[in-house]
Structure formats: structure tokens, C-alpha cells
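The opening position of the sequence shown corresponds to residue 1 in the working numbering, with each subsequent residue numbered one higher.
Take the hints with a grain of salt, since some may be wrong.
[Claimed, not checked] Across the chosen pairs, the derived CB separations fall in these ranges:
#1 Pro238 <-> Arg214: 40 to 48 Å
#2 Arg69 <-> Pro9: 29 to 37 Å
#3 Asp64 <-> Thr223: 43 to 51 Å
#4 Thr225 <-> Tyr198: 20 to 28 Å
#5 Glu142 <-> Ala32: 40 to 48 Å
#6 Glu142 <-> Pro232: 26 to 34 Å
#7 Gly56 <-> Asn113: 33 to 41 Å
#8 Glu142 <-> Glu173: 30 to 38 Å
#9 Ala32 <-> Asn141: 39 to 47 Å
#10 Gly171 <-> Ser199: 33 to 41 Å
#11 Asp64 <-> Leu228: 15 to 23 Å
[Said to hold, decoys possible] Listed below are the simulated EDC-like cross-link pairs for lysine to aspartate or glutamate, each with C-alpha atoms no more than 20 Å apart in a straight line:
#12 Lys162 <-> Glu173
#13 Lys162 <-> Glu135
#14 Lys162 <-> Asp172
#15 Lys162 <-> Glu112
By construction, these hints were calculated from the structure, which means they are not laboratory data. We treat Cβ as the ideally placed atom computed from N, Cα and C, and that holds for glycine.
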Amino acid sequence: MDTRPASLPESLYLSPRYLVTSTRADHADHLAAFAGTSGWTRTQDGATTDITSPCGRITLRQDDDVPVRRPHLTITGRSGPGAPERWRVAVSGFMPVEFVSALTDTLANGLENDPDALVYGVGAGDEAIMALDEEVWMPFNEGGLVGFHSQDYHAIVAGRPKGSPAPPMEGDESVCWKVGAVVSTETAERLWTATFTYSIPSHLVAGLVNEVARFEPLLRPITSTLDLRVAPLVRYWPVETATPPRTPRSADTRSTPPRPAAGEDPGRHAPRGR
Numbered sequence: 001m002d003t004r005p006a007s008l009p010e011s012l013y014l015s016p017r018y019l020v021t022s023t024r025a026d027h028a029d030h031l032a033a034f035a036g037t038s039g040w041t042r043t044q045d046g047a048t049t050d051i052t053s054p055c056g057r058i059t060l061r062q063d064d065d066v067p068v069r070r071p072h073l074t075i076t077g078r079s080g081p082g083a084p085e086r087w088r089v090a091v092s093g094f095m096p097v098e099f100v101s102a103l104t105d106t107l108a109n110g111l112e113n114d115p116d117a118l119v120y121g122v123g124a125g126d127e128a129i130m131a132l133d134e135e136v137w138m139p140f141n142e143g144g145l146v147g148f149h150s151q152d153y154h155a156i157v158a159g160r161p162k163g164s165p166a167p168p169m170e171g172d173e174s175v176c177w178k179v180g181a182v183v184s185t186e187t188a189e190r191l192w193t194a195t196f197t198y199s200i201p202s203h204l205v206a207g208l209v210n211e212v213a214r215f216e217p218l219l220r221p222i223t224s225t226l227d228l229r230v231a232p233l234v235r236y237w238p239v240e241t242a243t244p245p246r247t248p249r250s251a252d253t254r255s256t257p258p259r260p261a262a263g264e265d266p267g268r269h270a271p272r273g274r
């Protein structure tokens with residue numbers, strides 16, 4: 001007797017959202033779709049693809065030849081075509097494509113509504129980081145670093161203000177914000193990371209941070225795949241059955257690592273090289 005269900009659900013809710021991975025191919029597909037609908041110019045040279053704004057001041061570059069531990073997607077802002085870089089976003093690993101979409105949405109909306117706010121960080125473009133759900137996120141302010149991490153310690157947002165005594169994040173003195181997730185709280189194996197340099201527009205950082213910090217699960221087709229290293233930690237619900245719980249806690253509750261020591265880069269609690 002065939003006991004299989006008559007049909008499978010088309011979509012699933014997945015949480016916690018910061019562990020719902022996407023591949024470089026997913027990122028490339030999104031960038032191609034973004035260029036096709038936004039009017040930005042897409043050019044390709046071998047494994048490198050550039051998406052450039054109509055004004056020539058913002059460029060997204062995906063390089064699929066870089067090693068897996070290095071950033072494969074960078075976003076740069078300039079005062080004009082060929083001008084020196086004012087700020088940079090660097091993405092590495094398996095960031096959820098929904099988070100990449102949050103970045104491109106902020107870029108497109110920023111250029112349309114207030115280009116100077118996006119390029120120079122001045123004007124009406126500010127977006128504040130939303131109030132955090134303290135059942136999911138824990139703030140910290142220690143040793144020159146400020147930010148918050150998830151209760152399960154798999155995700156972190158860390159800021160390093162100018163003049164901070166904390167060591168440079170990712171070994172780069174120009175990095176002021178770091179957002180990301182790790183595979184394991186014990187080894188700090190990187191899942192994905194995004195870094196932002198000084199002079200970054202605050203609303204570009206907030207656009208990503210708010211997407212990461214939201215408590216809602218992500219909605220994905222049932223055909224989606226996850227990184228096998230974190231798949232056991234991701235909870236899922238068929239869309240047709242019930243709405244998932246409000247708090248996206250990880251299923252991994254076996255350990256509760258200590259918070260970063262004073263003056264320490266989030267280290268084993270924050271994304272590092274895979």
C-alpha cells in the first residue's frame with residue numbers, strides 16, 4: 001500500500017534565517033536578474049561579472065575564480081567613474097540570497113531617492129537599525145567592539161569604531177562593520193561574512209543588518225538545497241500547514257560559548273576563514 005502523501009508542499013518556511021544558505025550561482029542569478037530589471041549595466045569577462053549603476057558610481061563585482069575563503073562579491077562606491085573607492089562591501093561564503101537582495105534593493109532605492117546619501121553618506125538616506133528582539137539577539141559592548149549576536153552564537157553583527165583599541169576585524173584596518181554566521185560555535189568555521197569599510201553609508205549597513213535580525217523565517221521552494229554542514233540546524237515547516245514560531249532559535253543547543261573577551265575580535269564566536 002502506497003502511504004506517501006498525495007502531493008508535496010511547494011514551499012517551506014526555514015529558520016533561523018542566517019543559516020539558510022545560498023551558493024555563488026544563486027548570487028550570480030540574482031545579480032543578473034537585478035541588472036535586467038533595474039537598468040544597471042552587466043558586463044562579463046571570464047569568471048568576473050560587473051554590474052554598474054547608470055551613473056557609474058556604484059559597481060557590484062562577482063569573481064567566481066577567487067578561493068572559497070575570500071570575498072567573491074564586492075560592492076564599491078565612488079564619487080564618479082574612475083574615481084578612487086570611497087567605501088566597499090565584501091561578501092564571502094554562502095550568504096542567503098535574500099540578504100544579497102536586501103543590499104541591491106538598498107542600492108537601487110538609494111540611487112533613486114538620494115544618490116548623495118548613498119555615495120557620500122550625507123542627506124536623507126539614513127535608516128536606523130531596528131529594535132532587536134532580545135529573545136533572539138544579545139547586545140555587547142566590550143574591548144572596543146560593539147554589536148550583538150544571536151542567542152545560539154551562530155550569527156553576529158560587530159562594529160569597530162574609529163580609534164577602537166580592538167584588533168582590526170578580518171585583519172583589515174579599514175573594516176568598521178562585520179556581519180556573518182558560523183557553521184559551528186566550537187570551531188568558528190565560516191558560513192558567510194559581509195564586511196563594510198569606513199565611510200560606508202549607514203543605511204546600507206542597516207539594510208543588511210535589519211534583514212539578518214528579522215525574526216521571520218525565510219520562504220524557499222521545496223527544491224532548494226542547504227549547505228550540508230548546517231542543514232541539521234535549520235528548522236522547517238510546510239507553508240500549507242502552520243505558521244512557524246516567532247523566535248528562530250537554532251536546533252543546536254548543546255553548547256553555550258563564552259562571549260568575546262575584552263579587546264578580542266569576536267574570534268571563535270564570529271565568522272572567520274573556512
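Here's how the hints hold up against the structure:
1. Pro238 <-> Arg214: 40 to 48 Å: With a Cβ separation near 21 Å, Pro238 and Arg214 fall outside 40 to 48 Å, so the hint is violated.
2. Arg69 <-> Pro9: 29 to 37 Å: Taking Cβ atoms as reference, Arg69 and Pro9 lie about 36 Å apart, which means the hint holds.
3. Asp64 <-> Thr223: 43 to 51 Å: violated (23 Å)
4. Thr225 <-> Tyr198: 20 to 28 Å: Once the Cβ atoms are compared, 37 Å apart, the range 20 to 28 Å for Tyr198 and Thr225 is violated.
5. Glu142 <-> Ala32: 40 to 48 Å: Check passed, 42 Å falls within 40 to 48 Å.
6. Glu142 <-> Pro232: 26 to 34 Å: Given range 26 to 34 Å: holds, Cβ gap about 31 Å.
7. Gly56 <-> Asn113: 33 to 41 Å: For Asn113 against Gly56, whose Cβ atoms are near 18 Å apart, the range 33 to 41 Å is violated.
8. Glu142 <-> Glu173: 30 to 38 Å: violated (20 Å)
9. Ala32 <-> Asn141: 39 to 47 Å: For Asn141 against Ala32, whose Cβ atoms are near 41 Å apart, the range 39 to 47 Å holds.
10. Gly171 <-> Ser199: 33 to 41 Å: This hint is violated: roughly 19 Å between Cβ atoms.
11. Asp64 <-> Leu228: 15 to 23 Å: Between Asp64 and Leu228, where Cβ atoms are some 21 Å apart, the hint holds.
12. Lys162 <-> Glu173: holds (10 Å)
13. Lys162 <-> Glu135: Judged against 20 Å, a Cα distance of about 30 Å means the pair is violated.
14. Lys162 <-> Asp172: holds (13 Å)
15. Lys162 <-> Glu112: violated (30 Å)
In this structure, the hints that do not hold are numbers 1, 3, 4, 7, 8, 10, 13 and 15, in rising order.
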